[in-house]
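Given the sequences, and given the hints that come with them, work out the whole structure.
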Amino acid sequence: MTAEILPKRAYRTVLASGNTQMFTVPANMLGRIDKVELDSRPLSGQPYPLTIQLLDAFAPTGGSSTTVIRKQIQVTPGERVDIDEWAGIQIMGGCWGNTNVSGPIVSVVVALE
Amino acid sequence: MAIELLTEIPSLLRPGYVVRFSASWEKEWASKWFRVLRTQQIKFDVPRIVDAAGTLDLDFSAPAGGGVGNTNISLLPESSKSIYEIVIGLKGLIAVYPRYNNSYFLKLEATGVLPDVTDANLRWLGFFDQDDSPFAQSRLREYTVKDQTPPVLRLYNQHGQTEKLVLRFICNRCRVEEVAESQLTEAERRLARHIEHFDLFTW
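So the sequence lines, in the order shown, correspond to chains A and B.
FYI, this note's numbering numbers position 64 of the first sequence as 64, with every residue one higher than the one before it.
FYI, this note's numbering numbers position 146 of the second sequence as 259, with every residue one higher than the one before it.
Check the hints yourself; a few may be wrong.
Unchecked claim - Computed Cβ-Cβ distance ranges for the label pairs, DEER-style: (1) B:SER144 / A:THR13: 54 to 64 Å; (2) B:GLY179 / A:ARG41: 53 to 63 Å; (3) B:GLY182 / A:PRO26: 14 to 24 Å; (4) B:ALA136 / A:THR13: 57 to 67 Å; (5) B:GLN250 / A:THR13: 44 to 54 Å; (6) B:PRO247 / A:PRO26: 16 to 26 Å; (7) B:GLY273 / A:PRO77: 36 to 46 Å.
Hints are computed from structural coordinates only; laboratory data are not their basis.
Just so it is clear, the structure is predicted and the values come from calculations on it, not from any experiment.
All C-beta atoms, glycine included, are put in the ideal place defined by N, C-alpha and C.
The structure is reproduced here in C-alpha cells:
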C-alpha cells in the first residue's frame with residue numbers, strides 16, 4: 001500500500017480473511033464510508049467470486065441492532081475495482097468486515113463526521 | 114422552560130446579567146428578577162440509536178437512583194440557586210419534538226393539528242432537526258430550574274432503517290441570587306433576559 005492523504009479524520013482498513021473489526025466510530029460521531037476498493041492483484045487464476053459483508057453493531061452507543069450490507073462480485077485477478085454504491089453509507093458504531101478470500105484484497109475508508 | 118429556536122447562535126448568560134422569570138413559573142421563581150453571579154459551561158454529548166419508525170423520549174429529569182439513563186439525562190439543577198441555560202445541537206437524521214407535561218409543545222390552533230408520529234401528515238409538524246440547530250452551531254435554547262416540570266425531547270426516526278442521533282447539550286450552569294426590582298437600573302430591567310414558561314403559549 002502506498003502513502004496517501006485521507007479525508008479529514010478518516011480511517012483506512014484492509015480486510016484480512018474472516019472477520020476483521022475495522023472501526024469503532026466514537027459515540028458522539030457518525031461515520032460514512034468514503035470508498036471501498038478491491039485490489040485483486042494478490043489473486044491468481046480464473047475470475048473469482050468475492051463476497052464482502054459489513055456489519056454495524058453500534059457498540060459504543062448501547063444499541064443492539066445490526067445492519068448488514070452484503071455484496072457478491074466477480075473479480076478478475078489483477079484488476080482494481082471501486083464499489084461506488086457503498087460510498088456514503090453511515091457507520092454508527094463498531095464495524096466489522098468479512099470476505100471469503102485471504103489476503104489484502106478489500107480496503108475500506110471511513111470518514112468521521 | 115419554553116424551548117426556543119433562535120436565528121443565530123445565542124450568547125450565553127455571563128456574570129452580572131439579569132434574568133426575569135415569567136409569571137407562570139413555580140412561586141420561587143415567578144415574576145422575580147435574578148442576577149447571575151457565576152457561570153460554568155459544560156458540554157454533554159448524548160448519542161442515541163433509534164430503530165426504524167421508532168421513537169425514544171429523552172427526559173431532562175434524573176432517573177430513579179440518580180445519574181443518567183438511556184431516557185433520563187439529568188439536565189435539571191439540584192440547587193435552588195442555580196439555573197441551567199441549555200443550548201442544544203443535533204447531528205443525525207432524526208426529528209426532535211419538544212414536549213412538556215406529556216403533550217407536544219409546538220402545535221397549531223385548529224383542533225387536532227398537533228404532531229403525531231403515527232400520522233403520515235402530522236409527523237411533519239412541530240419538530241426540529243439538524244438543519245435547524247446544527248451540532249456545532251446550536252440554535253435551540255432551553256432554561257431549567259430545580260424541581261420543574263421536566264422538558265422531554267421525543268426522538269422520531271422516520272426512516273426505514275436504524276439511525277443514530279447525537280445531541281450536543283452545552284449547559285451554562287449559572288449561580289444566581291434574587292434582586293428586588295427596585296435595586297435594578299432602568300437599563301438592567303430593559304436588557305434583562307426574560308425566561309418564559311411553556312404555559313405562556315397556551316391561549
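Here is what the structure says about each hint:
1. B:SER144 / A:THR13: 54 to 64 Å: Holds, since SER144 of chain B and THR13 of chain A (Cβ atoms, about 60 Å apart) stay within the stated range.
2. B:GLY179 / A:ARG41: 53 to 63 Å: Holds - the Cβ-Cβ distance for GLY179 of chain B and ARG41 of chain A, about 58 Å, lies within 53 to 63 Å.
3. B:GLY182 / A:PRO26: 14 to 24 Å: Given about 20 Å between the Cβ atoms, the range holds.
4. B:ALA136 / A:THR13: 57 to 67 Å: This hint holds: roughly 59 Å between Cβ atoms.
5. B:GLN250 / A:THR13: 44 to 54 Å: violated, 31 Å
6. B:PRO247 / A:PRO26: 16 to 26 Å: holds, 18 Å
7. B:GLY273 / A:PRO77: 36 to 46 Å: The hinted range 36 to 46 Å holds for GLY273 of chain B and PRO77 of chain A, with Cβ atoms some 38 Å apart.
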